[in-house]
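According to mature numbering (1 follows the signal peptide of the UniProt record, and there is no 0), the stretch in the sequence shown is residues -26 to -1, 1 to 663, in order.
Simulated from the structure, these hints should not be mistaken for laboratory data. Watch out, some of these pointers could steer you wrong.
What the hints assert, rightly or not - DSSO-like mimics (lysine-lysine), calculated; alpha carbons at most 27 Å apart, straight line:
hint, residue 1, residue 2
1, Lys347, Lys274
2, Lys150, Lys530
3, Lys131, Lys347
To be verified - Label pairs and their calculated CB-CB ranges:
hint, residue 1, residue 2, range
4, Asp176, Ala203, 47 to 55 Å
5, Gly581, Glu73, 25 to 33 Å
6, Arg388, Glu115, 38 to 46 Å
7, Thr522, Arg332, 46 to 54 Å
8, Pro656, Val270, 28 to 36 Å
9, Gln124, Glu174, 43 to 51 Å
10, Ala203, Thr107, 22 to 30 Å
11, Gln103, Ala188, 27 to 35 Å
Note that CB positions come from ideal geometry on N, CA and C, so glycine has one too.
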Amino acid sequence: MMSITKAKVMLAVAGLSLAACSQTQAPNTQATAPAAAEIKSGIYLENMDTSVRPGEDFNRYVNGKWIDRTEIPGDKGRYGAFGILADAAEENVRKIIEESASSNPAPGSDEQKVGDLFASYINAEAREQAGLTPLKAGFDEIDALENQQQLASYFAKVNKIGVNVPMVLGQYADFKDPTKYMTYTWQGGLGLPDREYYFEEDEKSVELRKQYLAHIQAMLELAKIDDAAAKAETIMALETRIASEHMLKEQARNMVAIYNRFDIEQLPELMPNFDWNAYLSEAGAADLSFLVVPQVDYSKALDTIITETPMSTWHAYLKWKYLSAHASLLTKAIDEQQFAFYGKQLRGTETMKPQWRRGVDLVNANLGEVVGKVYIKRHFPPQAKARMQELVDNLIKAYEVSIKELEWMGEETRAQALDKLSKFTPKIGYPDVWRDYSAVSISKDDLVGNVHAAKLADYKRQMDRRNEDVDRTEWGMTPQTVNAYYSPPLNEIVFPAAILQPPFFDLNADDAVNYGGIGAVIGHEIGHGFDDSGSTFDGDGVLRNWWTDQDREEFKKRTAVLVDQYNGYRPFEGDDLHVNGEFTLGENIGDLGGLSIGLLAYKMSLGDQPAPVLDGFTGEQRVMIGYGQVWINKYRDEFLRTQINTDPHSPAQYRVNGIVRNVPEFYEAFDVKPEDALYLPPEQRVKIW
């Protein structure tokens, strides 16, 4: 089963409140600013390249000197504010893990599990001694599959431990009744990042497919599988056929189109050759009444693919999938070969992360809230949560003002939008209820067994509650995660503790930079509730159309301009590769709303008082500089190409330059002229929220 994070990404949760009053109120100006003696601008002056005109390249103006002097660490494909904070969080978590291990913990305690899971990962000698033994039972099970009818139960079984088979199953809030859980399938089974990787005919894509084929062969050889070259060709051919039926990533953003609920009795009509009874029984869901199948055409095609593909091909393919899923837990040779393709070739990363960092990642992924409990006590002061809550309240009030003043929106839709805004639920720092890991058994000397135990326990936890009300206390990220997200069916915005640090959030800085940093992040996440995808859910998280036809057309008219703008951004000179404006639309709407409403909230927070001038910058200038600071970033070319092809977030330079040029305050604050590169005539600037 997908982890909760995977399930949320799958179903278009967007990432990286207190109900707004019906009467518009001025944002809270009390206790939001540090004492006068401590006040600072929060601007990293040493990172700025003021030789660049802001209207020419605002990203370089704000971050240019940092970009010039910074080398991307060898174990990273990109580096910036997120990476810097993530590194610090990993170091803090490492200390927590080491203290847990050295505290003589009682058997079965959370501390014992954390210490032993980490120890089992960093014990390189034990992994070498184990060799291929951890694969034997899995490979034997694959060899025992005699016919295509048995594939259904096998897909369901290994889905529980994260093997990437062609049909994935997960559980999430029901789009039509978000108080209840619903079970969803999803397309899967590919080894390249996206279906287009299998079909693009440019030189780089053709070469990458050759490298992927060579990687499959090398991995099969390391696993001592006979006829590795021939089997690699067979595997590649099957993956390519599966990819040809995958729904396009742009289409998968349409929440209405992917909510296809089937009665269980209807499933044999969808896939007549697929053993649904065996699949659901093995999945622990034999009593399901309904199943949502987002990619109907894919599922129909998969039924044919399963039937027409020989079992010898399925044996080779499934061993490859099982091997790939476990590669990071096996010998150094297998681990390094996996990195050689997915790390070096796809992302340009020069070296693997240090083993201790990868061990921390493993603990965070499987026992994350155990260490999160300790993390927030050490690294998240109560006053940070209180001030964050004020900022969230102020951003919601600013959105309320903006929605009430929108000229393009009619009163019927406006009332629904304000109702939705009033029902946002913010979650700040950490969950109120921590996850129970008592069902997970961990030992110091069984790495693969430990990972299986953690994944199986999480799968069972999710499936056991399928007939219960949705747990609204649950978080999809740990407190030590540097990120944020919005959930459409839960209508909640979530800000883990680890992102609430400079440059995003600075307790000791003037408010302007905070409104441009974390304020814009808050506005971004709220904005996802009103983007092309999130706007199809109402304030209660129900997937329904609450728009008039005229207002939806007006919305589409504005977003189409934003799509065209982003389609024009090409990071590589002389290369046709460009940002996918349609695929990144939701994130770009979030960014535009984040900065626009962040500026409005800052101005509202001032009341009748003038904004102070700090470090020579006005309040509005500091808000926008604060916004630019959080997207400070450097990319390796390979990583940037992969991001453009697979990630709904635009590259950092366009999250800065592509947004500020649409914001009217940018032009006045930085004296942007028609001859400047970022200048857009007023009629071409996009205002949505």
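Going down the list of hints, with the structure as the test:
For the given pair, Lys347 sits about 45 Å from Lys274 by alpha-carbon distance, which is inconsistent with the 27 Å threshold. At roughly 24 Å between alpha-carbon atoms, Lys150 and Lys530 fall within 27 Å of each other, so this suggested pair holds. As the CA atoms of Lys131 and Lys347 are separated by approximately 32 Å, the hinted pair breaks the 27 Å bound. Taken as a hint, the range 47 to 55 Å is violated for the pair Asp176 and Ala203, whose Cβ atoms sit roughly 26 Å apart.
A hinted range of 25 to 33 Å for the beta carbons of Gly581 and Glu73 is inconsistent with their spacing of about 47 Å. Distance hint for Arg388 and Glu115: a CB-CB separation of about 57 Å, inconsistent with the stated range 38 to 46 Å. One distance hint, 46 to 54 Å for the beta-carbon pair Thr522 and Arg332, holds here, with the actual separation near 52 Å. Taking 28 to 36 Å as the suggested C-beta distance range, the pair Pro656 and Val270 does not conform, at roughly 44 Å.
At roughly 35 Å, the beta-carbon separation of Gln124 and Glu174 lies outside the given 43 to 51 Å, and the hint is violated. Ala203 and Thr107 have their C-beta atoms about 25 Å apart, which keeps the hinted 22 to 30 Å range intact. Checked against the given bound of 27 to 35 Å, the beta carbons of Gln103 and Ala188, roughly 28 Å apart, stay inside it.
The structure fails to meet hints 1, 3, 4, 5, 6, 8, 9 from the earlier list, while all remaining hints are met.
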